[in-house]
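Residue numbers (this note's numbering), protein chains in the order written: chain V, 484 to 1081; chain P, 494 to 866.
None of these hints come from the bench; they were simulated from the model.
One or more hints might be untrue.
[Stated by the list, open to error] Here are the simulated DSSO-like pairs of lysine-lysine, each with C-alpha atoms no more than 27 Å apart in a straight line:
1) V/K1054 x P/K829
2) P/K543 x P/K821
3) P/K543 x V/K1046
4) P/K565 x P/K544
5) P/K827 x V/K1052
6) V/K1006 x P/K709
7) P/K695 x V/K1048
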Amino acid sequence: MDLNIRNFCIIAHIDHGKSTLADRLLEKTETIPKREMIKQVLDDMDLEQERGITIKLHAIQLKYKAKDNNNYTLNLIDTPGHVDFSYEVSRSLAACEGALLVVDSSQGIEAQTVSNLYLAIDANLTIIPVINKIDLPSADIESVKKQIIELIGCKDEDIILASAKQDIGTDQILEAIVNHIPPPQVVEDVPLRALVFDSTFDIYRGIIVYLRIFDGKLKAGDKVQFFQTGINVEAEEVGTLKMTRIKKDELISGDVGYMITGIKTVSDLLVGDTIINTANPASEPLKGYKKVKPMVFSGIYPSQSEDFENLREALTKLKTNDASLIYEPETSSALGFGFRCGFLGLLHMEITQERLEREYDQNIVTTVPNVEYKVHTTSGEVSLVDNPSQMPPIGEIDYIEEPFIRAQILSPSEFMGNIMKLANDRRGVFVSTSYLDAKKVDLQFEFPLSEIIFDFHDKMKSLTKGYASLDYEFLDYRKSELVKLDILLNGDPVDALSSIIHKSKSYEWGRKLCTKLRQLIPKQMFEVVIQAAIGAKVIARETVKPLRKNVIAKCYGGDISRKRKLLEKQKEGKKRMKQVGSVQIPQEAFLAILQIES
Amino acid sequence: MAGIYLHIPYCNTKCIYCDFYSITNHSTKVDMIDCLIKEIESKAIELKDKKFDTIFFGGGTPSLLLPSDLNKLFNVLYSNLNISSDSEISIEANPGTMNRKKLESFKELPINRISFGVQSFNNADLKFLTRIHSGRQAIDSIKEAQDAGFNNINLDLIFALPGQSLKGWEKNLETAVKLNTQHVSAYSLIFEEGTPLIKLYKLGKVRPADEEKERKMYDFTMAFFEEYGFNHYEISNYAKPGYECRHNLKYWMHKEYISFGPSAASYINDYRWVNVRDVNEYIKRIKSGTMAYDFIEYIDYDKSIDEYIMLGLRSTGIDINILRERYKIDFFSKYKSAAELLIKNNLAELKADTFYLTSKGYAVCDEILATYF
Ligand SMILES: Nc1nc2c(ncn2[C@@H]2O[C@H](COP(=O)(O)OP(=O)(O)O)[C@@H](O)[C@H]2O)c(=O)[nH]1
Ligand code: SF4
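Kindly produce the complete structure, drawing on both the sequences and the hints.
The following block contains the structure:
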């Protein structure tokens, strides 16, 4: 029996060096030979590489012979690095006993790092602080040290100074993992309880469950049950994770590994669920399971209605490795048949759209994202509205509530004024400030979620030269003065262009949205009148003048093939537009609201 | 009945807007003519069941050919292909290359139609377009052609030139009708890729006429020719009744045509092919007995229907019976809503089983095609 197990993860802001450090640890422990090193082995979807975000977590096992001459098994569990995925992060953390806190010596601590760190401290993890990139000329080790001490109350000498790039401090980190992080508590003679912290989908094997055994053991061939979903399956194969899956007869308390069951649908499998033994079931699940709730919603439609079934299939496949994506069919009078999708956050939405287009080759139209509103009607009922077009008529609405969040913004103090102004524009309520060190300030606000799902993050970045960082968590629902803003094209309301916004902004937005749409809708055969309306009241109007001339004058000589091809190209371009009534609307127009400068 | 086209790629200078295949080095001319002859002869067997009733010498500047060159070509054409006796036989002529004597000798040949590349009667316009002739020369050439006995004459004009005023264009039209030709082609200036003109545009040195002005000129042109009794039978073409260019109608009515010479396109037995552009390459291939085309495609059902509709709407319309018989398409069910919308808005009409665009529709023909067909 191997008691020399350490389960740990790395908490770091994007670009602070998590992947590079992981590479070093893998090399040092000869998990992979140096020459076979591909850069940043933990990020394997190319999308992730581009964005520098580890979207899906995985785990890998390292064998390390420590200075005390003992052999240790280190399980490194990867965590996603973005605010949208904090629940998934918390489940990965729950599978560990310790965490490396990696901070870029020139950037200092960022907001998400703080919130993930708090999650880790809540989960009782041992924190090993590491300052990375000390080789940089711009390194400000002293002030980063101060920030870390302020946050976790460690001693100066506990902080490891490292350069993942130059392989400085790697040994010290490995020793600290072995010496400071406690081994897992081994509880063997009790019924099985294993935590599901992630899953992936393999086209041949079905869903691969990543798990951490807390109690008991899991043998290949065992009949097991997922506690929350109640689904019974056979553990066809179990094992540990190196660069490839290593098949084992059994996994025991303390182990991190995988299980293959032949389940094909991810919705049967919930991150945070507990696996128990069907024959000898534990009575209680592990703590911490939460049903993840989507926060941001938008419509996804095929550009061409006949592709509806293809889109459904693509979403089904996408869902097999993204359990947090939810969707259901909906219809729009403008866009036809499509899906209303729920996402954890705006980034999750963008990634989903991009994957549909790139990995699944779908040509899609997406509508403006929105949050879920609680609408109290005059008849005393409460309905949840996640699609502006489903908003009851004004006359039937008593009042509307919208979700609020608490936001934490960490920023160099010089940008405080800019942030305050932005927060004010976005209906933010200031809560508090505190200083992490002389230069870095921690600002707390409460915001309507709807105000930050648009372009808040980009705005904040540009107002702070990229230095500020944001993290948020859901607070509660609050009453707000909200109205539904409709857009009419040639007199007909286009449901997919409706939005719900705060009354104080409605006139300005109506005007700006009309102007933007005028720029986005190309001239066509007939005049297009664009109107913004609240209820029956038109508040803004623009027109797109009809096309006056569009014909190639010359068609001599017999090269009609060339001419036909030109026409085919033009038709292709038209196909990418949505025909609503007699008006052709380019896809970008459905997101016009996102391009409005407030 | 099918058409015959011969491409003569030589010009005295290259006009800035021109994207036809034409060159100013004439050293290959003798070889080129031999090759044209060879190419015609090589197709004789393949075309033995086809009948032809139009011949068109285009370019380039075919009027640079000597009457004796043309005579040789006619001999080869008539002895190798079935050409009907009442054929329309056209030649393009640059006013800068013509004189009375040449016109008289052309008249001795089977040629019965001349198409003059006039473009404008205004010398400033001509200079901008880098034409080699003056407005006066154009007028004289046309009169000389009429004196020589030609009674089927076209002149080409271009509008929407940078800086051209509506007045200036109107004057061109008035000069044109006074000349009493049977046919006028009036097309708007196109900034074609690869021409010096588009280079100037990209450098910001010339600006195309704006859409509104171009439309006004076009509207004026259409109304003008209607008043003078011309039939507007294609986007840019106007003819006195009975003088529609039969050869160009072959292209526009999706009929067959065989073409010879560099860059020439043919459409026979559902195949379309286009010869290589470069004259040296053309000569090399013909001499070595290899195929001269560098593009060939089979016009299948889908392509054919697209072309039929595209060409039809640009010219005399879509014949509903042809759609039904040749393409098995019921116009009224397939294009019902589009047709209704277009007719309601005065962009198209349906008469005697033909669906065609009105002058208002012509102005936005490409948009109509791309949107509704
Ligand atoms: N100078 C320097 N650059 C580093 C160091 N560690 C990582 N980097 C660079 O920082 C960038 C982000 O590193 P990466 O490991 O991808 O960060 P991640 O997003 O946290 O996984 C990359 O360009 C790395 O080469 C270091 O110790 N020193
Ligand atoms: S004369 Fe005609 S073919 Fe020759 S360059 Fe000018 S426009 Fe082109």
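Decide if the proposed pair is consistent with the structure: V/K1006 and P/K709, CA atoms, cutoff 27 Å inclusive.
With Cα atoms ~18 Å apart, V/K1006 and P/K709 stay inside 27 Å; holds.
Keeping to a limit of 27 Å between CA atoms, is the pair of P/K695 and V/K1048 held or broken?
Satisfied, since the Cα-Cα distance of roughly 24 Å is no more than 27 Å.
Just to be careful, I want the Cα atoms of P/K543 and V/K1046 compared with a cutoff of 27 Å; is the pair within it?
holds, 26 Å
Quick one, are P/K565 and P/K544 close enough, alpha carbons at most 27 Å?
Holds, because 21 Å separates the two Cα atoms, which is no more than 27 Å.
For the pair supplied as a hint, P/K827 and V/K1052, is the alpha-carbon distance within the 27 Å limit?
holds, 22 Å
Mind checking the alpha carbons of V/K1054 and P/K829 for me, to see if they're no more than 27 Å apart?
Holds, at about 19 Å.
Please work out if P/K543 and P/K821 have their alpha carbons no farther apart than 27 Å.
holds, 26 Å
Going through the hint list in order, the structure satisfies each hint without exception.
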